[in-house]
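Undergrad: Take the given structure of chain A and dock chain B to it, following the hints.
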Amino acid sequence: ENDLLLTDPLKHPDFFHISELFSLKDLFDARVHFGHKRGCRNRLMEPYLFGCRLDQDIIDLDQSILHLQQALNFTAHCAYRKGIILFVSRMRQFAHLIEQTAKECGEYAHTRYWQGGLLTNSHVQYGTGVRLPDLIIFLSTLNNIFEQHVAVRDAAKMNIPTVGIVDSNCNPSLITYPIPGNDDSPSAINLYCKLFKMTILRAKDKRRQMDLLYGIQKKLTK
Amino acid sequence: MATVWSGLGPAVTQAAVRGGRLIPRDVRTRFSSSDAEKRSGFAVAFERHADLQRQREAEIPDLGGRKVTAQKIDSFASLLRRSPLMQMGPTKDKIVIGKIFHIVGDDLYIDFGGKFHCVCRRPAVDGEKYQREVRVRLKLVDLELTSRFLGAKTDTTLLEAEAALLGLLDVKDTNQRD
Numbered sequence: 285e286n287d288l289l290l291t292d293p294l295k296h297p298d299f300f301h302i303s304e305l306f307s308l309k310d311l312f313d314a315r316v317h318f319g320h321k322r323g324c325r326n327r328l329m330e331p332y333l334f335g336c337r338l339d340q341d342i343i344d345l346d347q348s349i350l351h352l353q354q355a356l357n358f359t360a361h362c363a364y365r366k367g368i369i370l371f372v373s374r375m376r377q378f379a380h381l382i383e384q385t386a387k388e389c390g391e392y393a394h395t396r397y398w399q400g401g402l403l404t405n406s407h408v409q410y411g412t413g414v415r416l417p418d419l420i421i422f423l424s425t426l427n428n429i430f431e432q433h434v435a436v437r438d439a440a441k442m443n444i445p446t447v448g449i450v451d452s453n454c455n456p457s458l459i460t461y462p463i464p465g466n467d468d469s470p471s472a473i474n475l476y477c478k479l480f481k482m483t484i485l486r487a488k489d490k491r492r493q494m495d496l497l498y499g500i501q502k503k504l505t506k
Numbered sequence: 040m041a042t043v044w045s046g047l048g049p050a051v052t053q054a055a056v057r058g059g060r061l062i063p064r065d066v067r068t069r070f071s072s073s074d075a076e077k078r079s080g081f082a083v084a085f086e087r088h089a090d091l092q093r094q095r096e097a098e099i100p101d102l103g104g105r106k107v108t109a110q111k112i113d114s115f116a117s118l119l120r121r122s123p124l125m126q127m128g129p130t131k132d133k134i135v136i137g138k139i140f141h142i143v144g145d146d147l148y149i150d151f152g153g154k155f156h157c158v159c160r161r162p163a164v165d166g167e168k169y170q171r172e173v174r175v176r177l178k179l180v181d182l183e184l185t186s187r188f189l190g191a192k193t194d195t196t197l198l199e200a201e202a203a204l205l206g207l208l209d210v211k212d213t214n215q216r217d
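Chains as they are written, first to last, in the numbering used here: chain A, 285 to 506; chain B, 40 to 217.
One chain only, chain A, in its complex shape (with noise of 0.2 Å):
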């Protein structure tokens, strides 16, 4: 029955019900879909543009849902199986919105400065035996010198899988799960943390709920 209880969400497409979290409308109010200026624009995002507007880059909104979506799907999966989650970000504005965020999950943040080894060099830095997290969701790819995350790569070398915000001025190889959207409004922020949120703790619900029903039915067939 554990089986049952790990192979059932992932028969269907959209278990938990992310598509009625959000809709086009919110996105849109959230200003998800402004990017930088033409000149920031980093040559990958090119596919993920809707257009370029007075030299301001628009992000296509559609794609931008798809994207969306897949990622809260996975972060749900993740938290179903209670997977480690950890909210990476280093935009100071947001630091203690995504601290909080974290908090009201059950899940982890780390907002301030990302020392070397962290993920790679786990085992001298913190002891043996330390468990890594299992996603990582990055709310802005950049670091305040506009580069990228040393997160990013990290990540990708300890095979964790990552979800992440990409501006127009974002590298989006190395994610695993890209969201191309607004990094830099409070409202956008505001509205990813919000949904993640929502997701997270849907799951987490949800596997309490399939705990008790498989327990029940245990006992019954005991």
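One or more hints might be untrue.
[Unchecked claim] Which bits of chain B does chain A cover? Going by a derived footprint, with three or more residues having C-beta under 8 Å, they are:
(1) 122-130
(2) 149-163
(3) 182-192
[To be verified] Simulated crosslink set (SDA-like; lysine to any residue; CA at most 20 Å straight-line):
(4) LYS133(B) with ASP339(A)
(5) LYS488(A) with LEU290(A)
(6) LYS309(A) with LEU118(B)
Calculated from the structure, these hints are not laboratory results. All values derive from a computational prediction rather than experimental measurement. Where is the CB? At the ideal position from N, CA and C, for every residue including glycine.
TA: Then chain B, alone, in the frame of chain A:
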């Protein structure tokens, strides 16, 4: 529209409208039930084109990527096109309304609905009235301050917009909200 054609069967109306020709006047007056008046020029043309448009809409449910269902779902392209940012055009010298969301001493952080906020100095006139949640008028200069320096691959961005503070928002001006 229906009153003129009400007495006639559907086949006749289709034929009459598709042919693009008017039904002869004697047939029309014979079959119209309520109005025996003669309809001249514009009225007849209006009814004919209204019928044509209704037929076209019935054949093609969604025109130009805009689905009109019970929930009125708009496509991203149409939402974008009608958004204030697009309608505004070039940013230089546009007047917008912003709201102060943070204050650090003399610096006011004002959000006007763009990607970034702008930072303005507290003016000498009415300085104490500028507090959080106060709406102000701004004249925009740029939505994002970026510049390409020598030897750099990409632009350096300041993550800020630039605007000049014009003054507090008068209650009378709120009719012109975007």
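Undergrad: Hint by hint, note whether the structure agrees.
TA: Quick rundown of the hints versus the structure:
1. 122-130: Holds, because 6 residues of the segment 122-130 of chain B bring their Cβ atoms closer than 8 Å to Cβ atoms of chain A.
2. 149-163: holds (count 5)
3. 182-192: The restraint on the segment 182-192 of chain B holds, since 4 of its residues have a Cβ under 8 Å from chain A and three suffice.
4. LYS133(B) with ASP339(A): Status holds; Cα separation ~17 Å.
5. LYS488(A) with LEU290(A): holds (13 Å)
6. LYS309(A) with LEU118(B): Roughly 8 Å separates the two Cα atoms, so the pair holds.
Against the hints set out earlier in the document, no violation occurs for any number.
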